[in-house]
Every structure is written in C-alpha cells, then in structure tokens.
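Residue 46 in this note's numbering sits at position 46 of the sequence shown, and the numbers go up by one each step.
If you're looking for bench data, these hints aren't it; they were derived computationally from the structure.
Beta carbons: idealized from backbone N, C-alpha and C, even for Gly.
Possibly wrong hints are sitting among the right ones.
Claimed, not checked - Quick list of the computed label-pair ranges, beta carbon to beta carbon: (1) V51 to Q26: 30 to 38 Å; (2) A10 to A44: 40 to 48 Å; (3) A10 to T34: 26 to 34 Å; (4) N63 to A10: 31 to 39 Å; (5) I75 to G6: 29 to 37 Å; (6) G2 to P40: 13 to 21 Å.
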Amino acid sequence: MGKCRGLHTARKLRSHRWDQKWHDKQYKKAHLGTALKANPFGGAFHAKGIVLEKVGVEAKQPNSAIRKCVRVQPISFISSVDILYLTSFG
C-alpha cells in the first residue's frame, strides 16, 4: 500500500510526514530537549566550579597510566548534588 496521490491529499501527506519525523532517532534527540536537560553543564560550553578533591583514575587494560582528574561541583548548580570528573593529560 503506497502513499496517497490525489489532488486533495496535502494535509494527509503533511501530517503523516510530521508523525514519521518523530520516529527518526537523530530528529527526536535534537528536538525533545532531554539531552540538554541531562547535560550537567546545561548546554553551556564553559562552566565554573569548585574543586572538591584531586583524584587519580587508572586507565584501562593494556595501558597502566594514572590519569589526573579533579572532582568538581559546578557553581551554578550548587544546591544540587551534581559532581563532575574533569580529566587532563598534562
């Protein structure tokens, strides 16, 4: 069964396309806004924070390095309990 092809089917075609957009994974991710809400920075590129402690995180198997990390509490979300790990390799 194909799509409608009549002269008066514009509304049906348009509404069906609108419904089918939401089945596309990338479209849904971009337009729902849940990825933005789940982001600890709240969509910002930079954020300030208070360093709580320095942590050494060990690398996975074939490598034996210890990565230097800090545990940070963002200033803008100080009331919540969000704690982030920031890693540097220098």
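Evaluation of the provided hints:
For the pair V51 and Q26, the beta carbons lie near 36 Å from each other, so the given range of 30 to 38 Å is met. A hinted range of 40 to 48 Å for the beta carbons of A10 and A44 is consistent with their spacing of about 42 Å. The hinted window of 26 to 34 Å between A10 and T34 holds, with their beta carbons roughly 32 Å apart. Roughly 59 Å separates the CB atoms of N63 and A10, a value that falls outside the hinted 31 to 39 Å.
At about 60 Å, the beta-carbon gap between I75 and G6 misses the expected band of 29 to 37 Å. In this structure the hint that G2 and P40 lie 13 to 21 Å apart at CB is violated, the actual value being about 47 Å.
In this structure, the hints that do not hold are numbers 4, 5 and 6, in rising order.
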